[in-house]
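Below are the chains, spelled out letter by letter.
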Amino acid sequence: MPVDPAITRAVLAQELLAVRELGRTHRWGIIPEFGGLRVTVTMYAHNGDLFIVEVRCDDYKEIPPFFEFIDPFTGDRGTKAAYPRGHDSLFHSAPCLCAPFNRKAYKNVDPLGPHSDWALGDWTRSTANGTAWENYTTLADMFGLVQTRLGREEFYQGRQS
Amino acid sequence: MSQRDSLEVSVQSTRGTKSFSFSKTAKVSEVISAAVSAFGFAPGDRFELALASNPGEVLQPERPLVSYHVMDGTVFLLTSIGGGV
Chain A
511 MPVDPAITRA
521 VLAQELLAVR
531 ELGRTHRWGI
541 IPEFGGLRVT
551 VTMYAHNGDL
561 FIVEVRCDDY
571 KEIPPFFEFI
581 DPFTGDRGTK
591 AAYPRGHDSL
601 FHSAPCLCAP
611 FNRKAYKNVD
621 PLGPHSDWAL
631 GDWTRSTANG
641 TAWENYTTLA
651 DMFGLVQTRL
661 GREEFYQGRQ
671 S
Chain B
57 MSQRDSLEVS
67 VQSTRGTKSF
77 SFSKTAKVSE
87 VISAAVSAFG
97 FAPGDRFELA
107 LASNPGEVLQ
117 PERPLVSYHV
127 MDGTVFLLTS
137 IGGGV
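Line by line, the protein sequences are chains A and B. Start counting the first sequence at 511; every next residue gets the next number (this note's numbering). Start counting the second sequence at 57; every next residue gets the next number (this note's numbering).
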């Protein structure tokens, strides 16, 4: 069911408070586009590699947001060069941020989505892979999880290409 | 002159920042448990603690706070690790 954009804007305004607070710790650059229901965040890996993460939030939180990475050198969207590679499958080789909180991970939304076995409406209650995904239901939770894979030497393995 | 045995610290998470008081000999794992509960995170996850001033270096759960030279006013960062799917 579509969400009134005014409601989503109010949710974004509220959740961005925590994103900004956490962003001061991690040196995030946070650019909200309330009209377009979109948030773009620049993040750094432990070695200084820059990543640009764009999150589309139309119909949030009825359905999860849509995460996409943008190549900071070319502006290309969704390429392997735009994506980090980690120690686990959170950054899937599709490429895709593979988590129930990412709309792109659902095959019925995006052909690159690895999962045809997930239901969009369950995203806040998912226990996929034994993880309590209810811990990742705010934008700060989501960006925080991405940062774990960038900020730690034992997790971050460079760009996907 | 007596010295206090407690430390007044803050823990930052993806859900805000809260104040806590711990014994100087409290272990890092005790801080994690208290913070996970206070922030309302579901416990079925892997949680780690770091100093907010150095978020890339995880504190060892079995070590006491004093071994990291924690002082009043120290800000910790609580991180949930989740899992790739």
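Calculated directly from the structure, the hints in this document are not laboratory data. In this text the structure is predicted, and so the values were computed from the model without any measurement. Take these hints with a grain of salt, some might be off.
As the list claims (entries may be wrong) - Stretch by stretch, here's where chain A covers chain B in the computed footprint (C-beta under 8 Å, at least three residues):
id, segment
1, 79-91
2, 94-102
3, 119-126
To be verified - What the simulated footprint calls covered on chain A by chain B, stretch by stretch (three residues with Cβ under 8 Å from a Cβ of chain B suffice, anywhere in the stretch; the number is not a length):
id, segment
4, 525-535
5, 545-551
6, 575-582
A virtual CB, placed ideally from N, CA and C, is assigned to each residue, including glycine.
When the hints from earlier in the document are held up against this structure, which numbers fail?
When the structure is compared with the hints, numbers 1, 3, 5, 6 turn out to be violated.
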